[in-house]
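Colleague: Here's the letter readout for the chains.
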Amino acid sequence: MLELHEDEKILYEARKHWFVISKAGTFVGVLMLAPIILVILLFSFFPELLAIFSEPKFIAASSFFAASWLVILWVIFFVAWTDYYLDVLIITDRRLIDVEQIGLFRRDIASMPLSNIQDITVEVAGVTRTLLKFGDIQVQTAGQTKELLVHDVANPEEVKQLIMSAYSADKARMYPGLKP
Amino acid sequence: MDFEFLTVEFISKAMAVWFLVVMAIFGILTGIMNFHWKQYGVSEKSFKKLKTIYYNTSITLFGIMIVTILVYYLI
Numbered sequence: 001m002l003e004l005h006e007d008e009k010i011l012y013e014a015r016k017h018w019f020v021i022s023k024a025g026t027f028v029g030v031l032m033l034a035p036i037i038l039v040i041l042l043f044s045f046f047p048e049l050l051a052i053f054s055e056p057k058f059i060a061a062s063s064f065f066a067a068s069w070l071v072i073l074w075v076i077f078f079v080a081w082t083d084y085y086l087d088v089l090i091i092t093d094r095r096l097i098d099v100e101q102i103g104l105f106r107r108d109i110a111s112m113p114l115s116n117i118q119d120i121t122v123e124v125a126g127v128t129r130t131l132l133k134f135g136d137i138q139v140q141t142a143g144q145t146k147e148l149l150v151h152d153v154a155n156p157e158e159v160k161q162l163i164m165s166a167y168s169a170d171k172a173r174m175y176p177g178l179k180p
Numbered sequence: 001m002d003f004e005f006l007t008v009e010f011i012s013k014a015m016a017v018w019f020l021v022v023m024a025i026f027g028i029l030t031g032i033m034n035f036h037w038k039q040y041g042v043s044e045k046s047f048k049k050l051k052t053i054y055y056n057t058s059i060t061l062f063g064i065m066i067v068t069i070l071v072y073y074l075i
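One line per chain: the protein sequences are A and B, in this order.
Quick note: the first sequence uses the numbering used here, first residue 1, plus one each step.
Quick note: the second sequence uses the numbering used here, first residue 1, plus one each step.
The reader is advised that the hints may include incorrect statements.
Stated by the list, open to error - Listed below are the simulated DSBU-like cross-link pairs for lysine-lysine, each with C-alpha atoms no more than 30 angstroms apart in a straight line:
| no. | chain 1 | residue 1 | chain 2 | residue 2 |
| --- | --- | --- | --- | --- |
| 1 | B | Lys13 | A | Lys16 |
| 2 | A | Lys160 | B | Lys45 |
| 3 | B | Lys13 | A | Lys23 |
| 4 | A | Lys9 | B | Lys13 |
| 5 | B | Lys49 | A | Lys16 |
| 6 | B | Lys48 | A | Lys23 |
| 7 | A | Lys171 | A | Lys23 |
Derived by calculation from the structure, the hints in this document are not laboratory data.
Generate the whole structure from the sequences, applying the supplied hints.
Modeller: This is how it looks when you write it as structure tokens:
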């Protein structure tokens, strides 16, 4: 779990749009058809196999291998989903935390105080992104981490507004006497 | 191409070995994913739902594998 400061609260967790994982899902879906295509090709090139595989024992064996292929694809899909789900931009009342899961054995975490934010840019480019409302958020800061770039965020304009609200609230908390 | 190697004995052994391989792949990757789900901020409610979907589907598929093995040996 992420370690938060004592009185730090999570305001929002922005994840990637579902379209990102749907690409992996479609790929897995296509791979599910691979055994059927393989069988059709085998029977086309080697018709003698048809006689062998018509026997009930071999039908059972083929079903076994097909089910095992589905198990492997199911696990592969969930690995991809875990990778997708663990990429998250966390907005707290103190900072931004960008968590990027790369494969299963690498995790990059970048955090920056809200007070260091200088500029936020949202980029939604392309027909799919425009229609489905997802895009990239770029946060420029004054700190050591010069820039935070998060790809394929769902509803990026709303996330930008949330970050700006959190920034204003943080400024008000740090400088209570300051009037806008 | 000669397919005489596709005997009942060969396929029986192949099924047994392949079952163990699939179990190993499933066990290792599930263990790693479980670690990630618990460690990295998936909420308790989402975690329960996630585990239900994942394990129920996996059990169903493994059930089909076991049934087909039994059918294979009983025919």
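Colleague: Determine for every hint whether it applies to the structure shown.
Modeller: Taking the hints in turn, this is what the structure says about them:
1. B:Lys13 x A:Lys16: Not OK: lysine 13 of chain B and lysine 16 of chain A at ~44 angstroms, beyond 30 angstroms, violated.
2. A:Lys160 x B:Lys45: holds (27 angstroms)
3. B:Lys13 x A:Lys23: Violated, at about 36 angstroms.
4. A:Lys9 x B:Lys13: Judged against 30 angstroms, a Cα distance of about 57 angstroms means the pair is violated.
5. B:Lys49 x A:Lys16: holds (20 angstroms)
6. B:Lys48 x A:Lys23: holds (25 angstroms)
7. A:Lys171 x A:Lys23: violated (40 angstroms)
Of the numbered hints given earlier, the model fails hints 1, 3, 4 and 7; all others are met.
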